[in-house]
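Trainee: For reference, the chains in residue letters:
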Amino acid sequence: MHDGHDHPTLPERDEELNRAQITEMALRQLLHEKGVITADELRRQIETMDARTPAQGAAVVARAWTDPAFKARLLADGAAACREAGISTGPFNLVVVENTPEQHNLVVCTLCSCYPRYVLGLPPDWYKSKAYRARAVREPRAVLAEFGTVLADGVAVRVHDSTADMRYLVLPMRPNGTEGWSAPRLAELVTRDSMIGVAPARDP
Amino acid sequence: MRAYHDLGGLPAGPVERAEHDYALWEKRVDAMLVLLGDKGLMRTDELRRAIEGLGSAAYERMSYYERWLAAIVEIMIERGVVTVDELGRKMAEIEERRDEAL
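Read top to bottom, the protein sequences are chains B and F.
Residue numbers are given in the numbering used here: position 161 of the first sequence equals residue 161, and the series is strictly consecutive.
Residue numbers are given in the numbering used here: position 92 of the second sequence equals residue 92, and the series is strictly consecutive.
No lab work stands behind these hints: they were computed from the structure.
Computed from a predicted model, the values in this text were never measured in an experiment.
Worth double-checking, as some hints may not be accurate.
[What the hints assert, rightly or not] In silico SDA-like links for lysine to any residue, alpha-carbon gap of 20 Å or less:
1. K90(F) to N18(B)
2. K39(F) to V82(F)
3. K34(B) to L35(F)
4. K39(F) to P91(B)
5. K128(B) to D45(F)
6. K90(F) to G35(B)
7. K128(B) to R2(F)
8. K128(B) to L24(F)
9. K27(F) to T48(B)
10. K34(B) to D38(F)
11. K128(B) to S63(F)
12. K128(B) to S56(F)
13. K34(B) to D85(F)
14. K128(B) to R138(B)
15. K71(B) to R192(B)
16. K130(B) to A18(F)
17. K27(F) to D50(B)
18. K130(B) to A58(F)
19. K130(B) to P11(F)
[To be verified] Here are a few chain F residues that face chain B, going by a calculated C-beta distance under 8 Å:
20. H5
21. L7
22. G9
23. P11
24. G13
25. P14
26. E16
27. E19
28. M32
29. V34
30. L69
31. K90
32. M91
33. I94
C-beta: ideal position from N, C-alpha, C; glycine also.
Turn these sequences into a full structure, and let the hints steer you where they fit.
Mentor: So, in structure tokens, the structure goes:
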């Protein structure tokens, strides 16, 4: 099934992508013509989506590290605390799970791709991959090790399987050596992967 | 029997740490779903049902937003928001214009 020269992608793949783009264009134009969705609404929605980045989650985490009362509210009701911090969480419940020296948390969606997108933006491809979805619940320590996160034997791992209505965010441990740091400075250490739970926050 | 989207616990290879910046058409598909949801014209459960009804071959072959798009099209037809004919005509128009442009 090889035509004798190398392609970066398979030709069938290119045609299929094209087909998807044509379908998207056709559906979008029909929805515009019927007044179901205007071009303006679509543009604004894409802008809103582009504005959602892991920086939002990082700000929430850094505030929790520096404000114990906020942290308590965040752990009690993640969505409400995010709204308090000026981040919309849409219609979803948000459960914030705290990493401690005794317990590490990892987030996955085994059935599809549910992700705290209002707080972190769109998920990376690997989060939606078959391998991550299949293995995160069965051998989380091995998956974590592939991300360079090797947990001591005494640390328990809790894996959270997201649903359409229930999204999870990991509150990573505050790195050592950051005593007295301001929340904005701390936020720079909070990576997207640390809030999914595949990595710790960055060291200073 | 386990459905093909239900991957939790199955054996699988290493996690490939792939990421890509989403293309405009992918963002549009995402945005369409959100807006249709806001307008009460499509629910997350319907997206799930349509994706889980694609069949395992299509599910495996399609990219993430191709699945979403196929599901949105199916639900829009099911709900009578667009018809198969309208969509087919529009796609033919677009393809014709594209061929002329080439």
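Trainee: Hint by hint, say whether it matches the structure.
Mentor: Each hint tested on the structure:
no., hint, result
1, K90(F) to N18(B), "holds, 15 Å"
2, K39(F) to V82(F), "holds, 15 Å"
3, K34(B) to L35(F), "holds, 14 Å"
4, K39(F) to P91(B), "holds, 14 Å"
5, K128(B) to D45(F), "holds, 18 Å"
6, K90(F) to G35(B), "holds, 16 Å"
7, K128(B) to R2(F), "holds, 19 Å"
8, K128(B) to L24(F), "holds, 19 Å"
9, K27(F) to T48(B), "holds, 11 Å"
10, K34(B) to D38(F), "holds, 17 Å"
11, K128(B) to S63(F), "holds, 10 Å"
12, K128(B) to S56(F), "holds, 16 Å"
13, K34(B) to D85(F), "holds, 15 Å"
14, K128(B) to R138(B), "holds, 16 Å"
15, K71(B) to R192(B), "holds, 19 Å"
16, K130(B) to A18(F), "holds, 12 Å"
17, K27(F) to D50(B), "holds, 9 Å"
18, K130(B) to A58(F), "holds, 15 Å"
19, K130(B) to P11(F), "holds, 10 Å"
20, H5, "holds, 6 Å"
21, L7, "holds, 4 Å"
22, G9, "holds, 5 Å"
23, P11, "holds, 7 Å"
24, G13, "holds, 6 Å"
25, P14, "holds, 6 Å"
26, E16, "holds, 6 Å"
27, E19, "holds, 4 Å"
28, M32, "holds, 6 Å"
29, V34, "holds, 6 Å"
30, L69, "holds, 6 Å"
31, K90, "holds, 4 Å"
32, M91, "holds, 4 Å"
33, I94, "holds, 5 Å"
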